[in-house]
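Residue numbers (my numbering), protein chains in the order written: chain A, 1 to 203; chain B, 1001 to 1231.
The hints are simulated quantities; they were obtained by calculation from the structure and are not laboratory data. Take these hints with a grain of salt, some might be off.
Covered by chain A, according to a simulated footprint, are these stretches of chain B (three or more residues, beta-carbon under 8 Å) [to be verified]:
| hint | segment |
| --- | --- |
| 1 | 1061 to 1071 |
| 2 | 1127 to 1135 |
| 3 | 1170 to 1180 |
| 4 | 1204 to 1217 |
Since the structure is predicted, the reported quantities are computational estimates derived from the model, not experimental observations. The beta-carbon is built from N, C-alpha and C at its ideal position, and this holds for glycine as well.
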Amino acid sequence: MSTIAATQNISFPGFDNRSSTGSGSEEISNLFNKARKGLRLVRPAHQQYQPQVSETLEDRLDHTKALCKRKTAEVAMYLSEDFRKGFFLQIDNLIDAENWEEDDKPITEASFTTLLRMLILINPDLRPGLGSTSQGNIIAAWTKDKDQLTIECLPEDKVRWVLSRQFSGIRESAAGEILLTRLLAALTPYSPGNWFDNDPQEK
Amino acid sequence: MNNIVDQDALKKIAGKLNKNYYPDKKENIEINFSLAFNPKDGKQESSVQPKQTGYRLASVDQTEIAIIAPQVLTIARLAPYPGWDKFYERMAFVWKIWKRIVKVQDINRIGIRYINRIDIPVNEFKNINIMDYLNFYPNAPVFSGFPMTDYLIQVTIPTPNPLWIANITSFIHQPPVLVDTISLVLDIDIYNTEKVPLDDKGLMSRLEEARELKNLVFKQCITSKTEELFN
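Please take these sequences and the hints and turn them into a complete structure.
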């Protein structure tokens, strides 16, 4: 049998090593990890660096910046060169030590992963503006005239969104917190192409 | 490499690379933690000893990486892969700097490793059939009606060129990189441990051999459906 399932959607109580809550799941997971270690799995070069514990804010931000770029490299084949270059400039500006305080939490890998998955799912022509929260979540925002869409990327493919949109001169607002896979469906009534596309009329 | 490069030499190499192509320089530190317990008096002693093992250098966009350690030189490139010619050029440059500073007496292993990720959209049942995408897959007995949720396989196999051996590994990339996708990793490590030439020309042409073998292994491991995904 050589069929494999997308594990995030399947839960086998007491069996599946990632998504279940069953009693044996942790044990199976440990065994699996041991098996992986037993094989000659040399970590790829880009993963062979761990930050030191006593790093300064600048070091931590530097590490975060590098991490964001390495994560982006993982999906580089889905991003145009222009998009990637502009996106890296945005990351450099966002994670500039001058704009951060010592107790600010740098952007987390989990939140940044959600952002990347969201960008590939939406495939926008226009890059969002980037920001971050004090919890280390990254924020993507699109603005078109008076219409605004702001999405906070939470860990594990969750997003919190808020928008305001003008319809016949009347402002409508909406907000929600959902799984990434439901995002486009939730935004559809507000014509999200208005924010994402270069020429929304064409699509 | 067999001879051990001292930290001063590594520092010099790192400095040169830092000025050319690799502006992001980090020291690689190994931390040894020891805990001793004396059963007679019940006292415990612990110590933490950081030891520098080399350097990790990267380009501004983090896609080009060089790792230098007392016995190892690694040059890596992340996606987007610019092609063999560019990679070869960078490899030759780093090697030139290494040789300028270190007297290389012996090389005990050279290799080329390509880590390919195949992103496969899941079907309506949220799964895929590996056989459709790889000719190298686990053959597991059926215990239930449910599909497998993870796998890891590895073979070490001689190549048609007796000097080279291939380590081929495949597993599921966790978590999947894209939504509604399963990502399979096909990791091909081609290496040579015998009669490694020390002269630049011999060494570089040996690496060319590895590249051709890697292409052969890759083509034999994937199906036409995977080729379509890459195109």
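(request) Hint by hint, work out which the structure violates, then give me just those numbers in ascending order. (result) 4
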